[in-house]
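The primary structure of each chain is shown beneath.
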Amino acid sequence: MTNLKYVGQPAQRVDALEKVMGKTKYVGDMSLPGMLYARTLRSEIPHGRIIKLDVSPALEVSGVIAVVTSDDFVNHGNFGFPISDMYMLAFEKVRYVGEGIASVAATTPEAALAGVKAIICEIEPLPAIFDMADALKPDAPQVGPTRTDGKHPNYIGHYPVYKGNPKEKFQDCDVVIEQKYETVMQEHAYLETEGGLAIPTPEGGVSVYLSCQSPFIPRNDLCKVLGLPADRVRVIVPPVGGSFGGKDDLNYQTAGQVAALALKAKRPVRMTFSREESIIASYKRGSMRMNIKLGADHDGTLKACEFRSLYDSGAYSSQSPFTSWRASIHAMGAYRYEDCSVDIDTVYTNTGYAGAYRGFGNTEVCSGIEQAIDEMADQLMMDPIDFRLKNCLKVGDVTPHGQLLSESVGLTDCLLAVRKMSDWDRKRKEFANQSPSAEKRRGIGVTALFHGTSLGAEGLDEATATIEIHSDNLVSITSGLTDYGTGARTVYTLIAAEILGINPDRIHVHNPDTNTAKDSGPTVASRTTILAGNSVRVAAQNLMQNLDWAAADYLKCDILLVHRVGEDYIGPSEEPVSWDIVVKHAREMGLVLSAFGRWSAPQIHWDEEKGTGTPYFAYHFGSQVAEVEVDLKTGHTDVINIWAVHDIGKVIFPQGAYGQLYGGISHGLGYGLYEDLDYQNGYAQSINFDTYLIPTSVDMPEIQAGFVEATFSQGPFGAKNVAEPAMVPTAPTILNAIANATGRRIRKLPANLERVMLGKELTKKGSPFSCKVALKIT
Amino acid sequence: MLINFILNQKPVSVDAPADITLLTLLRDYFKLTGTKEACEVGECGACSVLLDGELVNSCLVAAPSVTGHEVTTIEGIHDEDGGPNDLQRNFIAKGAVQCGFCIPGMVIAGEALLAVKSQPSRLEIREALAGNLCRCTGYMQIVDAIETTANDRAHMRNHEEREKNSQ
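Same order as they appear, the protein sequences are chains A and B. Per numbering that gives the first Met the number 0, residue 0 is the first one in the first sequence, and the count goes up by one each step. Per numbering that gives the first Met the number 0, residue 0 is the first one in the second sequence, and the count goes up by one each step.
Where hints are given, some of them may not hold.
From the structure, some residues in chain B lie toward chain A, with a derived Cβ separation under 10 angstroms [said to hold, decoys possible]:
1. C98
2. P103
3. N131
Just so you know, these hints were derived from the structure itself, not from any lab. In this text, a Cβ means the ideal position worked out from N, Cα and C, and glycines have one as well.
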């Protein structure tokens with residue numbers, strides 16, 4: 000593995016040129032002759048029964064060609080995984096403001112909207128649940144599907160981790176602290192809104208260009224709801240304008256809607272969302288209420304943790320069962336405990352709905368546990384980094400889940416690195432001596448994190464890649480996992496170039512297409528580098544074997560006597576033979592110049608009842624430090640510096656890895672300081688970027704980032720992952736810095752002006768007006 | 000109505016409704032899809048273009064108001080050979096691009112800044128980009144790309160200056 004030529008070396012993104020020239024075609028940039036424009040009628044109330052839905056007036060509107068409702072799908076368009084509680088368009092009931100009811104295709108966007116307005120839709124309002132604490136009350140209105148196991152219909156699941164008995168252990172601890180922490184909903188705010196373009200095919204099927212993460216899921220959903228065999232449904236992922244977990248379930252509905260319309264109209268149909276429609280209709284990061292109790296001894300040994308929380312999934316379960324499970328695994332933080340219990344309960348309400356978002360449960364629990372760890376350090380009068388170093392996971396430790404960590408645990412090195420980079424010790428001392436009357440106060444805070452790699456015990460974990468040398472000797476790669484801006488295609492290119500010993504310029508990675516790529520599971524959970532990267536590695540090695548045979552045959556020597564210099568093959572004669580000649584010779588020998596690579600993740604298991612097992616096969620570790628200046632007069636927090644050092648295993652594409660860290664930190668900074676997709680009585684209070692604020696270039700500090708490469712023996716070249724965990728610790732890092740600056744702790748995100756200045760929230764009065772208007776404007 | 004203006008250095012004439020935005024005019028009537036639509040309320044900068052050299056959100060400009068004026072879109076930003084110019088090359092070299100959706104607007108904003116300020120500080124670059132949202136990059140590498148281009152162009156000017164003086 001020494002002397003790597005491409006892996007870990009400076010490289011540029013394979014798709015950057017088209018993007019800087021403005022030539023990249025996202026789905027909203029595509030159009031076809033005769034293409035229709037689609038628009039969806041969406042619910043304006045949070046909970047209701049559809050008593051009348053008459054679409055015939057829409058069909059009278061000039062320009063309207065087709066309308067679809069749940070009646071146009073098999074089994075009313077029911078879909079969803081792991082719980083099938085969603086419909087392509089609402090069936091019998093609506094459960095949140097923004098839920099799709101009927102879709103209209105017309106010759107112009109204006110005609111489609113006129114069609115939507117002409118639909119007669121009468122909805123009888125039903126009592127709704129807006130507070131997750133009310134969801135499981137015996138008389139609570141039913142939001143979730145009827146269930147037969149006697150459990151409350153609004154109950155989604157219970158997610159535990161158990162080790163020993165923390166309740167008893169607390170009695171033996173010198174210091175016990177207990178606090179409540181709360182997070183709010185966060186909007187993904189991908190710059191490209193949702194969209195899809197469906198094209199009916201000559202044999203009665205449909206092809207859909209869909210801005211999404213995981214094309215095989217909508218392909219399978221479409222087969223089910225349209226009653227078509229798999230060979231008649233094709234999903235192609237065009238360049239995706241950001242996703243961060245956000246372009247799954249809602250856009251699978253978009254796929255169903257445009258596909259059904261295209262089949263009915265026998266014409267291409269495109270739907271793109273306005274920003275308002277996107278924010279109102281789409282799922283968010285869910286909100287969580289946590290109660291954390293920690294016990295430790297005076298010497299700084301952390302002994303017991305009890306974590307209880309309630310997670311609000313809103314109107315649909317979406318990915319919340321998995322989000323909640325991942326949250327449970329990470330709830331106690333990256334520390335050793337003698338005894339530990341985690342109990343997370345997840346429920347339905349009528350507050351929008353929650354699904355996947357970068358960090359996927361860990362972002363939520365990390366904001367709680369990493370504040371609690373700081374509060375315990377304060378109680379023990381220990382330095383927060385010293386306290387973390389004393390208790391954090393190391394190689395050879397057994398986690399609270401019962402998993403032995405046998406390799407690749409770089410957390411101590413991450414903590415030591417940020418301590419040094421940030422000049423932590425000097426600043427902690429200096430800030431402790433600030434004048435108590437100063438209006439502007441500086442503070443510095445730290446966090447440590449771990450983040451399980453890939454799906455873990457969520458499901459089957461494998462990926463497949465194909466590789467082929469074409470007649471012009473260019474190499475193409477397919478993967479079923481998507482590059483939605485992350486740089487994955489560049490990672491595959493560098494891995495294949497390294498294995499094949501050829502210039503990366505010879506390699507092209509296709510965008511995922513269900514007709515050409517192999518199903519490799521979902522593109523989620525920061526699993527792409529390890530899973531798809533390994534499958535590309537295996538495919539390239541399989542292809543390489545044939546080239547090695549050809550080289551040895553051409554050079555008339557034993558295969559072991561062939562070596563490489565640059566792209567050339569060299570045998571005992573020392574005469575270099577070009578790669579192109581070897582490829583040509585392989586063809587002449589009749590050898591296939593394509594290969595297939597599958598990689599299955601190491602076996603893991605989880606006991607859902609006992610709350611023990613091996614939840615993930617490897618973990619990312621990291622530590623971040625933030626320095627802030629808090630203006631006590633205005634409540635404004637200025638983040639002056641962030642230092643971030645993460646153990647991502649071997650860094651394959653450095654420029655991309657730094658980009659992931661910087662971008663993740665910007666999501667976390669927003670989450671920590673101002674992002675709050677607040678719902679009042681089921682209505683989103685921010686529906687565009689004028690009121691939903693995300694960090695701008697002036698809000699972001701200069702970030703000092705670094706990597707610890709505690710390589711993972713089974714990762715491609717030792718790589719692990721980076722995308723999700725980059726954002727996980729940033730919000731609590733800033734909150735810990737604010738507490739250091741002000742001496743006051745803000746236990747509910749975000750630390751906005753009023754919480755920092757007043758220590759409480761201002762009263763808000765929600766109006767459904769803006770949501771209702773926004774769903775019916777051009 | 001007939002709208003006559005200069006688009007990417009070429010005079011154009013288009014028959015379009017009076018009540019559409021410049022953004023719609025560019026995307027739907029000229030098929031210049033490099034200019035992106037992402038908020039339509041002037042908050043995100045994805046629809047940035049140059050209007051007589053100044054940075055504007057094309058979603059906030061009424062199409063007829065460009066009559067007689069000069070509009071430059073991302074399709075009009077390139078080197079003489081049609082390839083990427085130095086700023087665009089630095090966006091690639093510095094890793095400023097992820098999903099790419101904000102990037103045309105960022106390149107336009109970068110050019111608008113460098114046209115009026117040849118050697119901006121990093122803070123000045125950040126201020127110049129404050130109207131352009133990016134959700135992927137955290138802005139670091141975008142600032143790097145613009146800063147590097149400013150330095151490269153300054154070196155180039157100094158070099159040309161020296162050449163001229165030595166002649």
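request  = Report holds or violated for the interface hint on N131 of chain B, using the least CB-CB distance to chain A and a cut-off of 10 angstroms.
outcome  = Cβ of N131 of chain B sits 7 angstroms from chain A, so the hint holds.
request  = Identify whether the interface hint at P103 of chain B stands, where standing means a beta carbon of chain A within less than 10 angstroms of its own.
outcome  = holds, 4 angstroms
ask   = Would the hint on C98 of chain B stand, with a C-beta cut-off of 10 angstroms toward chain A?
value = holds, 3 angstroms
Checked against the numbered hints given earlier, this structure breaks none of them.
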